[in-house]
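K.L.:
Sequence:
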Amino acid sequence: QQIVDKLGWRAGLSHPAADGLNARSAAILNQRFVPYTTRIGLTGNKDKKGWTTQYSWFFLNKEDQKRVKEIDDQSFYNPEIKELWKNGAEYRIRNISKYGPAIYTLGDENHFSYDVGFTPSDDKAFKSFLKERYKRINKLNREWDTKYKSFAGVKHYSPQEAKEKKNFSAWFDHRLFMEKQYADIHH
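According to this note's numbering, the stretch in the sequence shown is residues 1325 to 1511, in order.
What the hints contain is simulated information worked out from the structure, not anything from laboratory work.
One or more of the hints may lead you astray.
[Unchecked claim] The calculated lysine-lysine pairs, modelled on DSSO-like cross-linking and capped at a C-alpha distance of 30 Å, are:
1. K1471 - K1504
2. K1393 - K1410
3. K1448 - K1463
4. K1393 - K1372
5. K1448 - K1490
6. K1463 - K1504
7. K1448 - K1410
[Claimed, not checked] Cβ pair distances, simulated, as ranges:
8. N1369 - H1339: 21 to 27 Å
9. D1343 - K1393: 20 to 26 Å
10. K1393 - T1470: 36 to 42 Å
11. Y1472 - R1334: 53 to 59 Å
12. K1479 - I1395: 40 to 46 Å
13. E1456 - I1395: 23 to 29 Å
14. P1444 - K1393: 16 to 22 Å
15. K1463 - D1439: 43 to 49 Å
16. L1345 - I1427: 45 to 51 Å
17. L1500 - S1474: 16 to 22 Å
18. T1470 - S1338: 46 to 52 Å
19. F1496 - A1335: 27 to 33 Å
20. E1387 - R1348: 22 to 28 Å
Using N, Cα and C, we set each Cβ at its ideal position, and we do this for glycine too.
All chains should be modelled from the sequences, with the hints used to inform the complete structure.
P.N.:
See the structure below:
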């Protein structure tokens, strides 16, 4: 206790134990616990090119860890995945609040890739994103130099495809979409 006081440390960043014991230990040492609730990493599925996968589900309980392995479409916009994110965060912090954490963190080393975002859930969300962004299909067509009849028919180009077609707008819109998905997970 005296060493910690002399060093001036008052907060400790750590992965919370499901039983809350490490938060309790921090409280006994007069430290404010700062729990990692998750770590966000949207990476590519090794078996399905362009499909989004969370790089680690360590924050889920054992039952949900088994469940997530059966889900191919791990886009945050898949309602089943969104529920697992919620469950995981709740599981990690359920025994922490009584020890007065200073803040909660969604993790460090969070990251995402622009090369993913092409699952069925991503495709549906991408078209909604475009509709919100452009409002009318003629505006998207003007920007993308295309002739789509509706947002439902818009092709979601991979970054490489958009580069090959020299369609900077499609390339840029995919990047904005992935940044939005990454931000949405944080909210």
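K.L.:
Range first: 16 to 22 Å. Now tell me if the beta carbons of L1500 and S1474 are that far apart.
P.N.:
Holds, at about 20 Å.
K.L.:
Range first: 27 to 33 Å. Now tell me if the beta carbons of F1496 and A1335 are that far apart.
P.N.:
violated (39 Å)
K.L.:
Run the distance test for K1448 versus K1410: straight-line Cα separation, threshold 30 Å.
P.N.:
holds (21 Å)
K.L.:
If you check the beta carbons of P1444 and K1393, does the distance land in 16 to 22 Å?
P.N.:
About 18 Å separates the Cβ atoms of P1444 and K1393, which means 16 to 22 Å holds.
K.L.:
Given the hint that K1393 pairs with K1410, test it: the Cα-Cα distance must not exceed 30 Å.
P.N.:
Given pair K1393, K1410 holds - Cα atoms ~17 Å apart, limit 30 Å.
K.L.:
For the hint 20 to 26 Å, verify it against the beta carbon of D1343 and that of K1393.
P.N.:
Taking Cβ atoms as reference, D1343 and K1393 lie about 25 Å apart, which means the hint holds.
K.L.:
Per the hint of 23 to 29 Å, is the separation of the Cβ atoms of E1456 and I1395 within bounds?
P.N.:
Distance hint for E1456, I1395 holds at roughly 26 Å.
K.L.:
Taking 40 to 46 Å as the hint, is the beta-carbon distance of K1479 and I1395 inside that range?
P.N.:
violated (25 Å)
K.L.:
Do the beta carbons of T1470 and S1338 sit within 46 to 52 Å of each other?
P.N.:
holds (50 Å)
K.L.:
Between L1345 and I1427, is the Cβ distance one that fits in 45 to 51 Å?
P.N.:
violated (20 Å)
K.L.:
Are the Cα positions of K1463 and K1504 separated by 30 Å at most?
P.N.:
holds (21 Å)
K.L.:
Is the distance from the Cβ of Y1472 to the Cβ of R1334 consistent with 53 to 59 Å?
P.N.:
holds (56 Å)
Comparing the model with each numbered hint stated earlier shows that hints 12, 15, 16, 19 do not hold.
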